[in-house]
Amino acid sequence: MAFVSNRRICIFCENSEQKINYKEFKTLRKFITDQGKIIPGHVTGVCAKHQRHLGRAIKQSRNIALLPYSVDPRHF
Amino acid sequence: MNYYETLYIVHPSLESGRLKDIILSVEESLKKIGGSPLAMELWGKRKLAYFIDKQRYGTYVLLHYNGEGKCTGEFAVELEQNPNILAYLTTSIEKENVLEQAEDLDTQIAGKTRESQRTESSSEPTKTTETEPTEVTTQENDTIDATADEVTSEGGDEQLDPETETKEADTSEVENEEESVEVGEAKADEEPLEATENESDKKDTADDEVSPEEDIESKQENADETAAVSEEE
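Note that the protein sequences, when read in sequence, are chains A and B.
Per my numbering, residue 1 is the first one in the first sequence, and the count goes up by one each step.
Per my numbering, residue 1 is the first one in the second sequence, and the count goes up by one each step.
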């Protein structure tokens with residue numbers, strides 16, 4: 001039986017044109033939860049290199065109030 | 001010579017004229033420090049992800065400039081001391097990522113003000129329908145309160161107090177009468193209940209009294225039957 005990998009390919013590795021930047025908070029919003037937590041890379045399929053870039057960009061967006069630090073789950 | 005970009009948030013209460021003054025003053029302070037602004041982009045008024053200085057909205061301004069490494073720290077001190085700037089973020093960028101200044105500051109501010117006016121005009125009908133009735137009710141309430149105040153001020157407290165006391169006394173008397181009537185009714189209700197309870201008790205006692213007689217009769221019948229059986233034998 002041939003080995004079938006379930007490992008997803010990083011979307012930033014696939015699309016080299018898609019850059020990770022703190023100003024594109026609409027893209028970054030896909031990688032945080034409703035509470036504002038950063039989703040781990042093994043859940044989203046992002047590679048370690050781009051996960052580091054994502055984490056830095058999300059933290060920069062939080063600093064300038066483009067993304068929330070935390071959202072109270074009672075407000076959903 | 002490095003290239004930097006600073007995104008800062010201006011206080012939302014600043015309108016087009018004062019916003020232009022703030023942006024120009026920031027650029028002048030940057031020039032004094034030693035940097036040279038290359039491009040400026042106005043994002044317009046946006047909703048913040050969290051409150052900053054009790055403000056829900058803020059005007060985002062993006063500034064690209066180049067300069068020595070020390071100018072970023074001095075520029076940060078300038079932005080920190082400016083009370084009209086809520087927050088700022090400085091990052092280093094590559095030369096290829098520097099924006100080209102397409103429009104000057106006046107046209108950008110005018111365009112953002114038009115956009116904000118359009119959004120306000122599109123959202124006005126719903127707002128007016130929601131706000132008008134509340135305003136009317138508040139005005140009515142104000143007028144009612146004003147008339148009430150006038151009446152109280154004209155009548156005086158001393159004149160009103162005896163009337164209110166007599167009214168209170170009347171109402172207390174009426175309440176006492178009602179209470180007495182209620183008590184009487186309650187007593188009338190209670191008496192028949194007691195009577196019925198006594199009757200039921202009597203019935204129970206009668207039943208208890210009857211039952212021994214029946215037992216005696218049944219015993220007598222049993223004795224007669226036993227006697228008849230013995231006679232037959």
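Honestly, the hints are just simulated from the structure, not real lab data.
Built from N, CA and C at the ideal position, the CB exists for glycine as well.
One should not assume that every hint holds.
Said to hold, decoys possible - Sample of chain A residues at the chain B side, in silico, Cβ under 7 Å:
1) ILE32
2) THR33
3) PRO40
4) LEU67
5) PRO73
As the list claims (entries may be wrong) - Which residues of chain A face chain B? A partial, calculated answer using Cβ under 7 Å:
6) GLN35
7) ILE38
8) GLY41
9) ALA65
What the hints assert, rightly or not - Derived BS3-like pairs (lysine-lysine); straight-line CA-CA distance at most 27 Å:
10) B:LYS32 x B:LYS70
11) B:LYS47 x A:LYS59
12) A:LYS23 x B:LYS54
13) A:LYS19 x A:LYS59
14) B:LYS54 x A:LYS49
15) A:LYS30 x B:LYS45
Okay, the hints, checked on the actual structure:
no., hint, result
1, ILE32, "violated (11 Å)"
2, THR33, "violated (14 Å)"
3, PRO40, "violated (22 Å)"
4, LEU67, "holds (6 Å)"
5, PRO73, "violated (16 Å)"
6, GLN35, "violated (13 Å)"
7, ILE38, "violated (15 Å)"
8, GLY41, "violated (23 Å)"
9, ALA65, "holds (4 Å)"
10, B:LYS32 x B:LYS70, "holds (13 Å)"
11, B:LYS47 x A:LYS59, "holds (18 Å)"
12, A:LYS23 x B:LYS54, "holds (23 Å)"
13, A:LYS19 x A:LYS59, "holds (16 Å)"
14, B:LYS54 x A:LYS49, "violated (37 Å)"
15, A:LYS30 x B:LYS45, "holds (23 Å)"
Violated hints, listed in ascending order, are 1, 2, 3, 5, 6, 7, 8, 14; each of the other numbered hints is respected by the structure.
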